[in-house]
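Trainee: Here's the letter readout for the chains.
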Amino acid sequence: MLSLLQLCDSNFPTGAFSHSFGLESYIQEGQVHDPATFASWLGVYLNQQLVHADGLAARCVFDAVQGNRPDEVWKWDRLLSVQNLARETREGTQKMGDRMLALIESMYSFPILSQYRQRIRGKASFGHPAVVFTMTGHHLGASREDTLVFYLYSVVVGLVQNAVRAIPLGQTAGQRIIRDVQEELPAAVDRILALDEEDFGVLSPGIELSQMKHERVNIRIFMS
Amino acid sequence: MKDWTGILRLEAEERDSRTVARNVYFQGAFKVMRPIYHDDSGQPCYYLLNPGGGYLDGDRYHLGISLLENARLTLTTQSATKIYKTPNTPAYQETEISLKKGSYLEYIPDPLIGYEHARYDQKTVIRMEKGASLLYCDSVTPGWSPEGTLFSYDTLRLRTEIYMDGELAVYDHIKLQPAGQPVDGLGFLEGYTHLGSMLFIGEKADAGLLDELYSAVHPEPDGVRIGMSLLNVPGLAVRILAHSTQAVERIQAECHHLVSRRLFGRNPSFLRKY
Numbered sequence: 000m001l002s003l004l005q006l007c008d009s010n011f012p013t014g015a016f017s018h019s020f021g022l023e024s025y026i027q028e029g030q031v032h033d034p035a036t037f038a039s040w041l042g043v044y045l046n047q048q049l050v051h052a053d054g055l056a057a058r059c060v061f062d063a064v065q066g067n068r069p070d071e072v073w074k075w076d077r078l079l080s081v082q083n084l085a086r087e088t089r090e091g092t093q094k095m096g097d098r099m100l101a102l103i104e105s106m107y108s109f110p111i112l113s114q115y116r117q118r119i120r121g122k123a124s125f126g127h128p129a130v131v132f133t134m135t136g137h138h139l140g141a142s143r144e145d146t147l148v149f150y151l152y153s154v155v156v157g158l159v160q161n162a163v164r165a166i167p168l169g170q171t172a173g174q175r176i177i178r179d180v181q182e183e184l185p186a187a188v189d190r191i192l193a194l195d196e197e198d199f200g201v202l203s204p205g206i207e208l209s210q211m212k213h214e215r216v217n218i219r220i221f222m223s
Numbered sequence: 000m001k002d003w004t005g006i007l008r009l010e011a012e013e014r015d016s017r018t019v020a021r022n023v024y025f026q027g028a029f030k031v032m033r034p035i036y037h038d039d040s041g042q043p044c045y046y047l048l049n050p051g052g053g054y055l056d057g058d059r060y061h062l063g064i065s066l067l068e069n070a071r072l073t074l075t076t077q078s079a080t081k082i083y084k085t086p087n088t089p090a091y092q093e094t095e096i097s098l099k100k101g102s103y104l105e106y107i108p109d110p111l112i113g114y115e116h117a118r119y120d121q122k123t124v125i126r127m128e129k130g131a132s133l134l135y136c137d138s139v140t141p142g143w144s145p146e147g148t149l150f151s152y153d154t155l156r157l158r159t160e161i162y163m164d165g166e167l168a169v170y171d172h173i174k175l176q177p178a179g180q181p182v183d184g185l186g187f188l189e190g191y192t193h194l195g196s197m198l199f200i201g202e203k204a205d206a207g208l209l210d211e212l213y214s215a216v217h218p219e220p221d222g223v224r225i226g227m228s229l230l231n232v233p234g235l236a237v238r239i240l241a242h243s244t245q246a247v248e249r250i251q252a253e254c255h256h257l258v259s260r261r262l263f264g265r266n267p268s269f270l271r272k273y
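As you go down the protein sequences, you meet chains H and U in turn. Count the first sequence with numbering that gives the first Met the number 0 and you get residues 0 to 223, in order. Count the second sequence with numbering that gives the first Met the number 0 and you get residues 0 to 273, in order.
If you are wondering where the hints come from, they were derived from the structure by calculation, not from laboratory data. Glycine residues also receive a C-beta, built at the ideal position from the N, C-alpha and C atoms. Watch out, some of these pointers could steer you wrong.
Stated by the list, open to error - Calculated from the model, a selection of chain H residues having no Cβ within reach of chain U, i.e. all distances over 10 Å:
id : residue
1  : 3
2  : 10
3  : 12
4  : 44
5  : 86
6  : 119
7  : 163
8  : 193
9  : 219
As the list claims (entries may be wrong) - Chain U side only, calculated, beta carbon under 10 Å to chain H, not exhaustive:
id : residue
10 : 161
11 : 169
12 : 187
13 : 213
14 : 225
15 : 232
16 : 236
17 : 240
Stated by the list, open to error - Pair ranges (Cβ atoms, derived):
id : chain 1 : residue 1 : chain 2 : residue 2 : range
18 : H       : 4         : U       : 252       : 52 to 60 Å
19 : U       : 68        : H       : 4         : 24 to 32 Å
20 : U       : 100       : H       : 67        : 33 to 41 Å
21 : U       : 222       : H       : 4         : 42 to 50 Å
22 : H       : 67        : U       : 93        : 31 to 39 Å
23 : U       : 221       : H       : 170       : 34 to 42 Å
24 : U       : 100       : H       : 144       : 53 to 61 Å
25 : H       : 140       : U       : 52        : 55 to 63 Å
26 : H       : 71        : U       : 87        : 31 to 39 Å
27 : H       : 183       : U       : 252       : 41 to 49 Å
Using the sequences plus the hints, can you model the full thing?
Mentor: This is the structure:
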């Protein structure tokens, strides 16, 4: 479990600190400006975007790795990439996935991870942190539920750290939001487990728009 | 074949630099009129009609469009697709589109209107060969309920999959469910009522075209929000939030115009309907 915690540390250098996934657009337009407005953005991001895309894909990737069905893993990697129509966010996520993969490969070695690496190099796959994290959770012997909850936690912590810098919020406010959101994570995992594969990638129109609009933002501290 | 409420099959090919139908078949609650050649480009425009006037409980529609090499065609509807209440089974529409090398399809339907207690499920699968181009539009709007409230539909769900040379290249899943989501809240429609989408896939969809589209529709008109971005394959997506059908259509028409200029160096014809 400690090994999985290492991946959730906001100091784990995947580049998450460079990506706001559209949050910066909301901050610039004044819709997110304090702990309360940020917490409601985070709730939507968690329960819509993360549950329907990353979370559902992670669940299916875990099962596919468990059942030794690599082709299904590659299918979910592709779906995660092609359902993301906002280029900055899509490319940023791919970079993070690639970065995370390289880091994990420097610490652990297992076949599906090496295959993923080779496929990304050969442009057969795209790379996504949810896929890398899930493969690693499985390799480390974590359960599917734990892998999901730790993955969601790692994303949420990264987003809160970014909000603390960008809005800005006090560190204390940031930690309070992390504590509050912890209570929502098991429910988010339950929802992921209850979804059909057909529910994958349901669009959050406002969030996508904010990600697309970010491409045209002149002054920025985040790459997405 | 399962029981479809309406079927349309349309297969078109290029003959002497004109696109002509090789096979047109429709049955049940779908009908197409004779194609109109709006100009001398050789590109016909087909109008799809739903003589029943709307989609009802359990209705199932199937569209199959196939363009052979270098064929060019516009498909639109004659009026909005109205989804009425579906107490037992959601209305369903399945569309399969196949585009061979060098072909170009413009699919520009009128908006979808979801009335009170409507449930609708749409699945569109498009298979393109490299060198084909596609302009694909959609818009989703709420109908007024008898009590005068918007967002009285239950679920409107539109799934679109685009394959390029057999590989999934675009996946779009819109699911609006006012009862189960804060549909006009943050992250969702954010106070807007109408959601429009446009995808343009093809080798001519590049960063330059994206810039042209962006300049044409920015600053955004009052009451409209527009996002656009480049896709994984040569192509771009435009997403529109608005308060009216006219606003969505205006933006889509503007983009259609620029896409058409980029592809053929000419303006598209106005799709006369009334």
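Trainee: Which of the numbered hints are not met once you compare them with the structure shown?
Mentor: 4, 5, 19, 24
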